[in-house]
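Novice: As they're listed, the protein sequences go chains A and B. Under our numbering, the first residue of the first sequence carries the number 1, and numbering increases by one thereafter. Under our numbering, the first residue of the second sequence carries the number 1, and numbering increases by one thereafter.
One or more hints might be untrue.
[Claimed, not checked] Here are the computed lysine-lysine pairs in the DSSO-like style, where the Cα-Cα straight-line distance is at most 30 Å:
id : chain 1 : residue 1 : chain 2 : residue 2
1  : A       : Lys396    : B       : Lys95
2  : A       : Lys396    : B       : Lys150
3  : A       : Lys57     : A       : Lys341
4  : B       : Lys95     : A       : Lys95
5  : A       : Lys396    : B       : Lys270
6  : B       : Lys150    : A       : Lys270
7  : B       : Lys378    : B       : Lys396
8  : A       : Lys270    : B       : Lys270
9  : B       : Lys341    : B       : Lys57
[Claimed, not checked] Some chain A residues judged to face chain B by a derived CB distance under 10 Å, without partners named:
id : residue
10 : Glu63
11 : Lys95
12 : Ala125
13 : Phe197
14 : Gly391
15 : Glu419
16 : Ala423
Just so you know, the hints here were simulated from the structure itself, not pulled from any lab data. Note that the structure is a prediction, hence the values are computed from the model and not measured. Built from N, CA and C at the ideal position, the CB exists for glycine as well.
Number of protein chains: 2
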Amino acid sequence: MCWAGGFPKRGPVATVRDVNAESYRVHLQESDIPTHWYNIVPDLPVPPPPPLNPGTKEPLAPEDLAAIFPMGLIAQEASAERWIEIPEPVRELYKLWRPSPLIRAHRLERALGTNARIYYKYEGASPVGSHKTNSAVAQAYYNAQAGVKKLVTETGAGQWGSALAFATEAFGLECEVYQVRSTYDSKPYRHVLMETFGATVYPSPSDRTNAGRALQERFPDTPGSLGMAISEAVEVAATSEGVNYSLGSVLNHVLLHQTVIGLEAIKQLKLFGEQLPDQLYGCAGGGSNLGGIALPFLRENLEGRGNTEITACEPAAAPSLTQGEYRYDFGDTSGMTPLLKMYTLGADFVPDPVHAGGLRYHGMAPIMSHVYHEGMMKAIAVKQREAFEAGIIFAKAEGIVPASESNHAIAGALRAAREAAEAGTSPVILIGVSGSGQLDLPAYAEYLNGTMLDA
Amino acid sequence: MCWAGGFPKRGPVATVRDVNAESYRVHLQESDIPTHWYNIVPDLPVPPPPPLNPGTKEPLAPEDLAAIFPMGLIAQEASAERWIEIPEPVRELYKLWRPSPLIRAHRLERALGTNARIYYKYEGASPVGSHKTNSAVAQAYYNAQAGVKKLVTETGAGQWGSALAFATEAFGLECEVYQVRSTYDSKPYRHVLMETFGATVYPSPSDRTNAGRALQERFPDTPGSLGMAISEAVEVAATSEGVNYSLGSVLNHVLLHQTVIGLEAIKQLKLFGEQLPDQLYGCAGGGSNLGGIALPFLRENLEGRGNTEITACEPAAAPSLTQGEYRYDFGDTSGMTPLLKMYTLGADFVPDPVHAGGLRYHGMAPIMSHVYHEGMMKAIAVKQREAFEAGIIFAKAEGIVPASESNHAIAGALRAAREAAEAGTSPVILIGVSGSGQLDLPAYAEYLNGTMLDA
Numbered sequence: 001m002c003w004a005g006g007f008p009k010r011g012p013v014a015t016v017r018d019v020n021a022e023s024y025r026v027h028l029q030e031s032d033i034p035t036h037w038y039n040i041v042p043d044l045p046v047p048p049p050p051p052l053n054p055g056t057k058e059p060l061a062p063e064d065l066a067a068i069f070p071m072g073l074i075a076q077e078a079s080a081e082r083w084i085e086i087p088e089p090v091r092e093l094y095k096l097w098r099p100s101p102l103i104r105a106h107r108l109e110r111a112l113g114t115n116a117r118i119y120y121k122y123e124g125a126s127p128v129g130s131h132k133t134n135s136a137v138a139q140a141y142y143n144a145q146a147g148v149k150k151l152v153t154e155t156g157a158g159q160w161g162s163a164l165a166f167a168t169e170a171f172g173l174e175c176e177v178y179q180v181r182s183t184y185d186s187k188p189y190r191h192v193l194m195e196t197f198g199a200t201v202y203p204s205p206s207d208r209t210n211a212g213r214a215l216q217e218r219f220p221d222t223p224g225s226l227g228m229a230i231s232e233a234v235e236v237a238a239t240s241e242g243v244n245y246s247l248g249s250v251l252n253h254v255l256l257h258q259t260v261i262g263l264e265a266i267k268q269l270k271l272f273g274e275q276l277p278d279q280l281y282g283c284a285g286g287g288s289n290l291g292g293i294a295l296p297f298l299r300e301n302l303e304g305r306g307n308t309e310i311t312a313c314e315p316a317a318a319p320s321l322t323q324g325e326y327r328y329d330f331g332d333t334s335g336m337t338p339l340l341k342m343y344t345l346g347a348d349f350v351p352d353p354v355h356a357g358g359l360r361y362h363g364m365a366p367i368m369s370h371v372y373h374e375g376m377m378k379a380i381a382v383k384q385r386e387a388f389e390a391g392i393i394f395a396k397a398e399g400i401v402p403a404s405e406s407n408h409a410i411a412g413a414l415r416a417a418r419e420a421a422e423a424g425t426s427p428v429i430l431i432g433v434s435g436s437g438q439l440d441l442p443a444y445a446e447y448l449n450g451t452m453l454d455a
Numbered sequence: 001m002c003w004a005g006g007f008p009k010r011g012p013v014a015t016v017r018d019v020n021a022e023s024y025r026v027h028l029q030e031s032d033i034p035t036h037w038y039n040i041v042p043d044l045p046v047p048p049p050p051p052l053n054p055g056t057k058e059p060l061a062p063e064d065l066a067a068i069f070p071m072g073l074i075a076q077e078a079s080a081e082r083w084i085e086i087p088e089p090v091r092e093l094y095k096l097w098r099p100s101p102l103i104r105a106h107r108l109e110r111a112l113g114t115n116a117r118i119y120y121k122y123e124g125a126s127p128v129g130s131h132k133t134n135s136a137v138a139q140a141y142y143n144a145q146a147g148v149k150k151l152v153t154e155t156g157a158g159q160w161g162s163a164l165a166f167a168t169e170a171f172g173l174e175c176e177v178y179q180v181r182s183t184y185d186s187k188p189y190r191h192v193l194m195e196t197f198g199a200t201v202y203p204s205p206s207d208r209t210n211a212g213r214a215l216q217e218r219f220p221d222t223p224g225s226l227g228m229a230i231s232e233a234v235e236v237a238a239t240s241e242g243v244n245y246s247l248g249s250v251l252n253h254v255l256l257h258q259t260v261i262g263l264e265a266i267k268q269l270k271l272f273g274e275q276l277p278d279q280l281y282g283c284a285g286g287g288s289n290l291g292g293i294a295l296p297f298l299r300e301n302l303e304g305r306g307n308t309e310i311t312a313c314e315p316a317a318a319p320s321l322t323q324g325e326y327r328y329d330f331g332d333t334s335g336m337t338p339l340l341k342m343y344t345l346g347a348d349f350v351p352d353p354v355h356a357g358g359l360r361y362h363g364m365a366p367i368m369s370h371v372y373h374e375g376m377m378k379a380i381a382v383k384q385r386e387a388f389e390a391g392i393i394f395a396k397a398e399g400i401v402p403a404s405e406s407n408h409a410i411a412g413a414l415r416a417a418r419e420a421a422e423a424g425t426s427p428v429i430l431i432g433v434s435g436s437g438q439l440d441l442p443a444y445a446e447y448l449n450g451t452m453l454d455a
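Using the sequences provided together with the hints, build the complete structure.
Specialist: Spelled out as structure tokens, the structure:
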């Protein structure tokens, strides 16, 4: 048939019959964007330990957070509701990039010689190229509703800072970002991206805050850490009128916003004719991307509809789940945040500067820590050379250079696919590819020119 | 309604009824990827002047090109067929990113306060982030079919080089790229991207070729140019066994491959309930992106179905259409290519190094030159500050940082939208957004910090 600019006879729009075993991707429509976020807390057999007030060591009261968060987010942080409605202005912004694609990795499967059916949920086509925007627009919205004028935050590799820069601009707020100094210097494109959206960015620790000056004195020449940058941002928010703080991971409300990822993926797998996946791999830093893709599948497990093995893939250089302790710890280096029960490497942990792969936080989100502690999730640590080797195999096959962070999840999935090839099995594997690596190319250069240490 | 992970009642897949005036994007399905490329040559009222053999000044014979191109592409270069079938392996690769989205720029419209309905066709989600991949995979395919082992090419900003690096890897070919020295140095992420896909990249002019050495002697300390890099790549291909040359724009077969952009856009506009657009803006360098989006709409004009005003948007720093001469000229600086009838600034043109916006070629594709000469297309020149100002307005509204090149088309469309607001009209405007600007952030930094000259 000569396709001559008109419509094929079956009509202009695809039906489910168009999606089959040879298909690469399923596009949902805007009307398929979830109307509600999923909160797993009421579904957990054992409730997660509450955050504590660092002074009284009593469970945190909502008002303890009111100096830095708006009530809309504080309510979500402690919510016992399973489904929380997504406000229409947030859903409207989601339409700029959601539903995100779920892609069958046919070419990766062939490159690996596996009978596993590999799918990946790709968040890299969002504004700024990562999943972070899912929570950024929600947080900016609730703060704008509360009359806040400015949000202050920290960022490591820069995904969160650029997501919040976009989101604050969309809701008419100012944005101030404290970026871990080592990535501010080594990945300069990231702060230009934030500045393009109108944000102001400072390398951290800076001399703009008491916390920053104290940290510079305590750790001279430090490359910085997320914990340090959080201390600076929290201090600015807590001491300024009309200014709130915004966190890109770890907290319950951030994981909540990210569940749109997993909710969409469940729908999309069904359109591919799959049931629930046998294995799910997500990269694990603070836990928001991991929770976003995994928690809706964990619900399917808990309700007996699925039996998905969920694996958190963390970097060997910041291995909170596999090497950390499960205890109450601060979210920041200076001890300004509430105490969170989490797997932690200690609040003053600074990853080795040789580590190029993102995911540098010292702790793991309390919900994901609890889920891991209760045996509902596995965890592996991946060294960075294995991660980038996996990322390049993926890029050549799928035409997408993944974010450094995502490479850890891909490495985990590649291990599983190779095991399946050896065992002659054909599991369904789902990978959370949290972002695009176009701004991580200096790390790829390190891998390619052989200077990347195997840490 | 609480969306609880199941399906909405109307069934899992959208129908055309889901797309309405409030929709942001239309996703076509894989089965909607065109099966044929569109060749405008047989539809043109006056045939375009043929390329000439530089020795005899006679029209080029197919065998004149056989030293550097495979017969499959040579046949396309001179084809009189309106529809040329896309080989299945190429169409299979297209599925990694096609159909590309057509997006209604609701938020941009609101930011501009215009009643114009603005749509953009976005090619930035392709492997490597630009439209170039559309032709790269086709060229790699025909060369692989012909038994070629290696492709050599030039690249300016790096989009073409990285597209060909991806495509050659997909078809098992080697890839060698000569990159204009100024962008090799100023945009280092680009060559890392090519290297990630396995290509070898040299800054040009290099000392690896006779052409490069002669150019270094003739123009000491030159920042390089596309014309120079083409000379080097053609020399390598013409003098090596099993090695062919590949060009990322200008030639008929390259424009042909890019017509998938416009063919999809026509379908997608209909799904939005639009007829053909009133105005179309594409950025103009060598002409392949412009031709790719515009030629299918020009066909609609020629056949009386549409009346779209097509505007080529070129940089004021390399204004071949608005400032060049329409004459036969070489495609490269050293005079190794056939003579092409085109609007040209002269084959030894080197854009001012202050120009940050891509689109640096000295000439314009013969087909687009002819179409312009015949009055079927308009052209405007845009200075770079206006281009980047437009790009930032677009980024803040749409959440996509456009490629430097694409900013020129956006600037043209913004002029039109503002005129419409003043005149109280509501035209339908289509913009070709040829790529993502994530690797162009150094140019955005120049604009933001005020060091960008208004050239």
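Novice: Evaluate each hint against the coordinates.
Specialist: Now the hints, each set against the structure:
1. With a CA separation close to 15 Å, the supplied pair lysine 396(A) and lysine 95(B) stays within the 30 Å bound.
2. At roughly 17 Å between alpha-carbon atoms, lysine 396(A) and lysine 150(B) fall within 30 Å of each other, so this suggested pair holds.
3. At most 30 Å may separate the alpha-carbon atoms for a hinted pair to count; lysine 57(A) and lysine 341(A) meet this at roughly 12 Å.
4. Under the criterion of a C-alpha separation no larger than 30 Å, the hint pairing lysine 95(B) with lysine 95(A) is consistent with the structure, at around 22 Å.
5. Among the hinted pairs, lysine 396(A) with lysine 270(B) is inconsistent with the structure: their alpha-carbon atoms are about 35 Å apart, more than 30 Å.
6. In summary, the hint linking lysine 150(B) to lysine 270(A) is not supported, as the alpha carbons are separated by about 42 Å, beyond the 30 Å threshold.
7. A threshold of 30 Å between alpha carbons decides the hint, and for lysine 378(B) with lysine 396(B) the separation of about 28 Å falls inside it, so the pair holds.
8. In summary, the hint linking lysine 270(A) to lysine 270(B) is supported, as the alpha carbons are separated by about 29 Å, within the 30 Å threshold.
9. A C-alpha spacing of about 12 Å is found between lysine 341(B) and lysine 57(B), which places the hinted pair at or below 30 Å, so the restraint holds.
10. Because the closest C-beta pair between glutamate 63(A) and chain B is about 29 Å apart, greater than 10 Å, the hint is violated.
11. The restraint placing lysine 95(A) at the interface with chain B holds, with a minimum CB-CB distance near 4 Å, inside the 10 Å limit.
12. With a cut of 10 Å, the hint placing alanine 125(A) at the interface with chain B holds, because the nearest CB-to-CB distance is about 5 Å.
13. Residue-level restraint check for phenylalanine 197(A) holds (minimum Cβ-Cβ distance to chain B is 6 Å; threshold 10 Å).
14. Among the interface hints, the one on glycine 391(A) holds; its C-beta lies about 9 Å from the nearest C-beta in chain B, closer than the 10 Å criterion.
15. Because the beta carbon of glutamate 419(A) sits about 26 Å from the nearest beta carbon in chain B, more than 10 Å, this interface hint is broken.
16. With 10 Å as the threshold, the beta carbon of alanine 423(A) stays out of range of chain B, its nearest partner Cβ sitting at about 29 Å, so the hint is violated.
Violation of the numbered hints given earlier is confined to hints 5, 6, 10, 15 and 16; the remaining hints are satisfied by the structure.
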